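Fit chain B to the known structure of chain A by using the hints.
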Amino acid sequence: MSDIMKMTVPGKAEYVRAVRMTASALASDAGFDIEEIDDIKVAISEACTNIVLHGAEDGSIHYDVAFELDDEKLVICVEDQGPGYDLEEYVEPVPGQIEESGGLGIFIIRALMDEVDIRSEVGMGTFICMKKYRHGTDA
Amino acid sequence: MAMSINANNNEAEGVWEFKLVGEVDISNAHYFKTQLETALAEKKQNIRIDLSELNYIDSTGLGVVIGCYGQIKKEGLSVKLVDPKPNVKKLLTISGFDKVLL
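Read top to bottom, the protein sequences are chains A and B.
Under numbering that gives the first Met the number 0, the first residue of the first sequence is numbered 0, with each subsequent residue one higher.
Under numbering that gives the first Met the number 0, the first residue of the second sequence is numbered 0, with each subsequent residue one higher.
One chain only, chain A, in its complex shape:
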């Protein structure tokens, strides 16, 4: 049995913090420790930031965030109907050789969360689903 909470968020920079604070509150109440909560906050922010940066310039798009909490884990899925991108063109940055922030958001999400699924297609939007297991319940 899991609890699900959904939000629809304007694709504007000023709302990313609200999503981050929501994720933080949910993770804290669910018993995740401070480091795990920080990981979740950064990962969800990076997913939202990715949408804001690559979405409509006037912030007119909205995106959906779904939180699913069960005994084992917190699952956060972020989905937009924005321009999307070709995942095969994504080049993962090499730590220590990064001279700019391009591609860093996705890299950080993958580093901080236990499981990450990213699907994107040009013209079809982007879907990012990330999981954080409660300590001691790693898959």
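The reader is advised that the hints may include incorrect statements.
If the Cβ cut is set under 8 Å, some of the chain A residues that face chain B in the computed set are [said to hold, decoys possible]:
#, residue
1, Ala12
2, Val15
3, Ala17
4, Lys40
5, Ser44
6, Glu45
7, Thr48
8, Val51
9, Ile107
Pairwise CB distance ranges (calculated) [unchecked claim]:
#, chain 1, residue 1, chain 2, residue 2, range
10, A, Ser59, B, Gln70, 29 to 37 Å
11, B, Gly69, A, Pro9, 49 to 57 Å
12, B, Glu74, A, Val121, 35 to 43 Å
Because the hints were derived from the structure by calculation, they are not lab data.
Keep in mind it's a predicted model, so treat the numbers as computed, not measured.
Even glycine gets a Cβ: it sits at the ideal position worked out from N, Cα and C.
This is chain B only, laid out in the frame that chain A set:
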């Protein structure tokens, strides 16, 4: 804005001293960038940023720092980050920025 930034020209050491307080994310990273650019336009010298009261930073904030580093490195100058909290240090380590910025 959930972030404040203080700038001080330490003339004795020839360094711009910044102190970031609060959170840096996509909503205010441009303000942080403007502050760095304004200082460097006034005087090109090393930059030291105190992170002891920075609670959160994301890739847009890190991008500002690494962009600044890339810009002034060519002129033999440096950017140094001082006293990051564990969560901020973790991001610096993951990205590899710790090797050049700490």
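Right, here's what the structure says about each hint:
1. Ala12: 4 Å, holds
2. Val15: Result: holds, 6 Å to nearest chain B Cβ.
3. Ala17: 10 Å, violated
4. Lys40: Check passed: Cβ of A:Lys40 comes within 7 Å of chain B, closer than 8 Å.
5. Ser44: With a minimum Cβ separation of about 5 Å from chain B (threshold 8 Å), the hint on A:Ser44 holds.
6. Glu45: 6 Å, holds
7. Thr48: At about 5 Å, which falls below the 8 Å cut-off, the nearest Cβ of chain B leaves the hint on A:Thr48 intact, so it holds.
8. Val51: 6 Å, holds
9. Ile107: This interface hint holds because 6 Å falls under the 8 Å limit.
10. A:Ser59 to B:Gln70: 29 to 37 Å: At 33 Å between Cβs, range holds.
11. B:Gly69 to A:Pro9: 49 to 57 Å: Once the Cβ atoms are compared, 32 Å apart, the range 49 to 57 Å for A:Pro9 and B:Gly69 is violated.
12. B:Glu74 to A:Val121: 35 to 43 Å: 40 Å, holds
The structure shown violates the earlier hints numbered 3, 11.
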